[in-house]
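J.: Working from the sequences, and respecting the hints, build out all of it.
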Amino acid sequence: MSLHEPTTPAFKANARRALDDENLQLALRGGRNGFVSKRAAARDKLPEFDDLRDQARDIKNHVLANLDLYLEEYEKKVVESGGHVHWAETAEDARNIVLDICRKADAKIVNKGKTMISEECGINDFLADNGIKPVETDLGEYIIQLRGEVPSHIIAPAIHVTVDQVRADFRKAHTHLPEDRDLTELISLQREARGVLREKYFEAEVGITGANMLIAETGHSVIVTNEGNGDLSQSLPRVHIVMASLEKIVPTLDDASTILRVLARSATGQETAVYNTCSKGPRRAEDPDGPEEYHVILLDNGRSNMLGTEFEEMLRCIRCGACMNHCPVYQSVGGHAYGWVYPGPMGAVLTPSLIGVEQGGQLPNASTFCGRCAEVCPMRIPLPKMMRSWRAREFEKRLTPSAVRQGLGLWAWFAKRPWVYRRATAVGAAALRAMSGSKGRIASLPLAGGWTGQRDFPAPQGGTFMAQWKAGKR
Amino acid sequence: MPGPRVALFITCLVDMFRPSVGFATVKLLTDAGCDVEVPDAQTCCGQPAWNSGDTATARDIARQVIDAFEGYDHVVVPSGSCGATIAKDYSEMFDADDPWRARAAALGAKTHEITSFLTDVLGVKSVPVAAPVSVTYHDSCSGLRSLGVQAQPRALLGSVEGLELREMVENNVCCGFGGTFCVKYPDISNVMVGDKTRNIAATGADMVLAGDLGCLMNMAGKASREGRAFKARHVVEVLAGDLDTPAIGDPA
Chain A
1 MSLHEPTTPA FKANARRALD DENLQLALRG GRNGFVSKRA AARDKLPEFD DLRDQARDIK
61 NHVLANLDLY LEEYEKKVVE SGGHVHWAET AEDARNIVLD ICRKADAKIV NKGKTMISEE
121 CGINDFLADN GIKPVETDLG EYIIQLRGEV PSHIIAPAIH VTVDQVRADF RKAHTHLPED
181 RDLTELISLQ REARGVLREK YFEAEVGITG ANMLIAETGH SVIVTNEGNG DLSQSLPRVH
241 IVMASLEKIV PTLDDASTIL RVLARSATGQ ETAVYNTCSK GPRRAEDPDG PEEYHVILLD
301 NGRSNMLGTE FEEMLRCIRC GACMNHCPVY QSVGGHAYGW VYPGPMGAVL TPSLIGVEQG
361 GQLPNASTFC GRCAEVCPMR IPLPKMMRSW RAREFEKRLT PSAVRQGLGL WAWFAKRPWV
421 YRRATAVGAA ALRAMSGSKG RIASLPLAGG WTGQRDFPAP QGGTFMAQWK AGKR
Chain B
1 MPGPRVALFI TCLVDMFRPS VGFATVKLLT DAGCDVEVPD AQTCCGQPAW NSGDTATARD
61 IARQVIDAFE GYDHVVVPSG SCGATIAKDY SEMFDADDPW RARAAALGAK THEITSFLTD
121 VLGVKSVPVA APVSVTYHDS CSGLRSLGVQ AQPRALLGSV EGLELREMVE NNVCCGFGGT
181 FCVKYPDISN VMVGDKTRNI AATGADMVLA GDLGCLMNMA GKASREGRAF KARHVVEVLA
241 GDLDTPAIGD PA
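Going down the list, the sequences are from chains A and B. For the first sequence, position 334 matches number 334 in my numbering, and the numbering has no gaps at all. For the second sequence, position 46 matches number 46 in my numbering, and the numbering has no gaps at all.
There's no promise every hint is true.
As a list, the in silico DMTMM-like pairs of lysine to aspartate or glutamate whose alpha-carbon atoms are at most 20 Å apart [claimed, not checked]: (1) A:LYS38 x A:GLU375; (2) A:LYS108 x A:GLU199; (3) B:LYS110 x B:GLU70; (4) A:LYS77 x A:GLU199; (5) A:LYS12 x B:ASP187; (6) A:LYS473 x B:ASP244; (7) B:LYS88 x A:GLU375; (8) A:LYS473 x B:ASP187; (9) A:LYS439 x B:GLU226; (10) A:LYS473 x B:ASP35.
Not the full set, but computed from the structure, chain A residues with beta-carbon under 10 Å of chain B [as the list claims (entries may be wrong)]: (11) PRO288; (12) CYS370; (13) PRO401; (14) ARG441; (15) TRP451; (16) THR452; (17) PRO458; (18) GLY463; (19) MET466.
In case anyone wonders, no lab produced these hints; they're calculated from the structure. Ideal Cβ positions, reconstructed from N, Cα and C, are used throughout, including at glycine.
T.: As structure tokens, this is what we get:
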């Protein structure tokens, strides 16, 4: 099975496995509060942070209302600069466009800066199946490529891996280095990866990067990285391919800078990422470096169907990862349990949009609606509200499990009849009270094994409030 | 001068599991000069249906609650979660041109969680009780993020003589209850509540307080299974001076 085949319907089983995976739990708990405290500190240092969030939201809302116009403008600018724009309606279209460009360039090796759109399209497997070697140059992406895995986080793809595991992976993969080398310090791991990857930059004929934003007024694509790998991936090979989804467009350079101000702070708590790089068109005569060919692949893959629906606001997402960094469910099970490219709260909304609610419906259910994701989202995307909208779609399509439907139906029948409800709750409270004996809690409750398997069920005090109030108690 | 007519929305969990929370709420309201009534035609706020995507049922129940409660000056709820459903979600259940939407919004505007009603609406600054205990406070999600309940319970607790508040780490992180979440995803819920009980225990406080009985039953149930020493109580119990009623999950 391809790594990109969704396992979203098996979310529960995936989650169970994740909870039992000691290394994963170690890795998740190690990183748990770093992102949270750094984001909070960055926000506190910028009094206008919430105003910037409003501005960023408004910019993207304006773009989404005029998406066709801005896309045409962007395309015009890219073409004027000598670049090519390819429209990919589906992931398959995008794969074929990439392969076609690589074949024309006679590419054997393709370097990759971090791109989630490439993950969405399954580019690595596809290139490998066609005899072209993809090399990930982002450190996290490189680690998971060595491990034969997919990213578990949209900005920290190897966050599920422990440092000890990385050490072992490097020793296994980098057999050209002395076996007795010292990898104790983190910096030694970084140096080793840097050394290995440096050589790759000069071997690749094609470099693929993603884009954090596409600027309509200028035709630039913008990437945000901390390692500089994106810059090398896009400027050294002869051909540069930008893979981006339609909604990455922003009107102006000023708009891009507004969004950059909330992006880094929300993602890593940095005031700005180390590298914010613009690229546009192929190398000009006066440029010291740059690619000979410049291609942009604009992927739709279901996004235009979200326009005008209750899920349109999801297209404001700038992929900072703050929602998953603050999500207690994501922090418990990690990203792979979500079973497709996009994990956490943003994945719980986006995944059903892109692969269908029949496949992705588990994800918007796996939330307590605690609201922490919406609280930190720099683009003010109402994530829980949209998860609820997916649940409503499921309910309408009768995809909600029948046990849940029947339970709800029974409960609703009583809840709509206060007098019957009164009697039923009185009987229920008395029965539960009797079951608890004098202990005040119940250790095992029929039909509630999910609860009582791992926690006690506190017993009712006996007698409902409504009955006691009616009887005159105050 | 008669006090404001306040309707108590008791919530299904308090009604069935812990009526003493209801009586503590009534005491706090009465002490603050309110004329408290408990409308008969109440069952549940409808949140289970709303959050399960059963919008039609949620709407039916919302109409029932609006009918029963809209005639009062205020509606007070001993739960941020049920309170948020009435105050925030009801108006979203109806289309813009549905006359129920305006009625829902009007009801929402006068519906309050108990501690914020006392402080923000009535201006209560202190409660005349003593409780020589150390407590930690869990911010239940809906109250915190939908209704902005955070400072209010702490301000009132600060006025309790002899009470010491010890904040836990991640006090604003979900306990894993999440309504139907805890039965749909019990494994994940269990890990979340396990993190919570560990954080509570690390404060060394005698008890955890919160404003929502669902979260409290979850935390108390986990703590009792783990054999933890701390107790769990609804915040109004302490504010009303009721420490005699056995804590949640304790023997009678």
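J.: Are any of the numbered hints broken by this structure? If so, which, sorted upward?
T.: Violated: hints 4, 8, 11.
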